[in-house]
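The hints should help you fit chain B onto chain A, whose structure is shown.
Number of protein chains: 2
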Amino acid sequence: MRVAVSPHPPGADELTPTDRTTLRRKKERGNHDRSVVNAILDEGLLCHVGISVDGTPFVMPMAYARIGDALYLHGATGNRMLRHMAQGAEVCVTVTLLDGLVLARSAFHHSMNFRSVVLLGTTVRVDDDDEKRRATTALLEHIVPGRSIHTRPPSTEELRAVLMVRMPIEEGSAKIRTGGPIDEPEDLGSPVWAGQIPLSIAAGEAVIDGAPPPGVVEPDYVRAYPARGTGGRASPGGAHLSGAHRGARVVAPGG
Amino acid sequence: MRVAVSPHPPGADELTPTDRTTLRRKKERGNHDRSVVNAILDEGLLCHVGISVDGTPFVMPMAYARIGDALYLHGATGNRMLRHMAQGAEVCVTVTLLDGLVLARSAFHHSMNFRSVVLLGTTVRVDDDDEKRRATTALLEHIVPGRSIHTRPPSTEELRAVLMVRMPIEEGSAKIRTGGPIDEPEDLGSPVWAGQIPLSIAAGEAVIDGAPPPGVVEPDYVRAYPARGTGGRASPGGAHLSGAHRGARVVAPGG
Chain A
2 MRVAVSPHPP GADELTPTDR TTLRRKKERG NHDRSVVNAI LDEGLLCHVG ISVDGTPFVM
62 PMAYARIGDA LYLHGATGNR MLRHMAQGAE VCVTVTLLDG LVLARSAFHH SMNFRSVVLL
122 GTTVRVDDDD EKRRATTALL EHIVPGRSIH TRPPSTEELR AVLMVRMPIE EGSAKIRTGG
182 PIDEPEDLGS PVWAGQIPLS IAAGEAVIDG APPPGVVEPD YVRAYPARGT GGRASPGGAH
242 LSGAHRGARV VAPGG
Chain B
2 MRVAVSPHPP GADELTPTDR TTLRRKKERG NHDRSVVNAI LDEGLLCHVG ISVDGTPFVM
62 PMAYARIGDA LYLHGATGNR MLRHMAQGAE VCVTVTLLDG LVLARSAFHH SMNFRSVVLL
122 GTTVRVDDDD EKRRATTALL EHIVPGRSIH TRPPSTEELR AVLMVRMPIE EGSAKIRTGG
182 PIDEPEDLGS PVWAGQIPLS IAAGEAVIDG APPPGVVEPD YVRAYPARGT GGRASPGGAH
242 LSGAHRGARV VAPGG
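In order, the protein sequence lines correspond to chains A and B.
When we follow this note's numbering, the leftmost residue of the first sequence carries the number 2, and every step to the right adds one.
When we follow this note's numbering, the leftmost residue of the second sequence carries the number 2, and every step to the right adds one.
Just chain A, with the same shape it has in the complex (with noise of 0.2 Å):
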């Protein structure tokens, strides 16, 4: 099966929806908005990166930046899943942000908040030493904003001891649940606690590496990393994003 080519402009509002992204069940849930997609990446650490070698499926983690319309992974030359990649490989890009348990009065509604993105495409080897110190920046912006000003950037050599690949965001989805339970009528005077545990990504005190060096300081990016994956805590309801209802039948976010 080949990528279907999309007909819409790079960079228009939405991803063009297809067959394969297009949710079948909770409709209600799936989202093909441009700027819900990106909002989700943007705040995601890490994807799971697959593809499929003989017919074998492999997932890895892996970290990522995006730039406008793309997606950029990257690795050692070594890499094997990489190296399939650089070669044109289909991957499937998923990038998954836990916002919170639910917990329901029956076994059965048990659910999990979570905001998840899944993105199909064909990677593209990248080779230009320019984009791939673009990407470089656009990767340690997105883990650690501020970042990039205090580090030396790649020499040469480094760049070409990595192997990057390019994917277009162009065919996917987002696919968001929020809320609380939602239970059988029958259950609801049952003597249980029922609700939510939100769940967000909590940064400690940094550990510096070796003695300060003179003068330097611990950055306000590193004393204050922002917490990420608040989603279900800062709106139980579900207002943090358009197109978000409540509704569940399985504990699986996949299901």
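If you're looking for bench data, these hints aren't it; they were derived computationally from the structure.
Mixed in with the good hints there might be a few duds.
[Said to hold, decoys possible] Stretch by stretch, here's where chain B covers chain A in the computed footprint (C-beta under 8 Å, at least three residues):
#, stretch
1, 28-36
2, 41-49
3, 76-83
4, 106-114
5, 148-156
6, 204-212
For every residue, glycine included, the Cβ atom is placed at its ideal position computed from N, Cα and C.
What follows is chain B alone, placed relative to chain A:
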């Protein structure tokens, strides 16, 4: 490609190393110990499941439960991926715990601390109601220890509305990075803050659904829901799991 049948008896201390689960680079980060693999599986809340459909990879987040040497996945009977898996699909299940960000003096040596497990295997549909009940209990106890005794167990009708598959925890490996940045010697004197930002999953204040039933208080397992993923904070030197070593060349955990 088919999964090689592992020659070791179930429950042995190690997953059998195979070519496709053995690290070829940074071998010191790889681990086939069953105890290490299980600890990561038990700490994770979500896995990312990959399947290949006509050569196209799909990766979805899912909840999971472990019972001994078996992993359980489930969802609605209409779930496309689960329908493939119910027919006996090769899958890759990856669990990633992000423990921290590693800020080096050079852009090139930025990295992340993480613990991940990659499992390969073939799924088998679970039709036995008792096995489905046990897996449902295991799932609740995995996500919120103590929860299962407070919930109405699934009815037979609800059990039948869930598509469940099992995969053996047989072929796979763990990969772990801990510790601070590994910079080039010539960068060590540069006037740049370098170190780690530990990350963990923190629980916020729980949000009750509806009015509290008379006499029902917030359970301890909700009020004191434990943080997860503190591997990077508690032991920046890497003491929390044996066999873990420092040493990074790429930013991507998958690199």
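Quick rundown of the hints versus the structure:
no., hint, result
1, 28-36, "violated (count 0)"
2, 41-49, "holds (count 3)"
3, 76-83, "holds (count 7)"
4, 106-114, "holds (count 6)"
5, 148-156, "holds (count 8)"
6, 204-212, "holds (count 8)"
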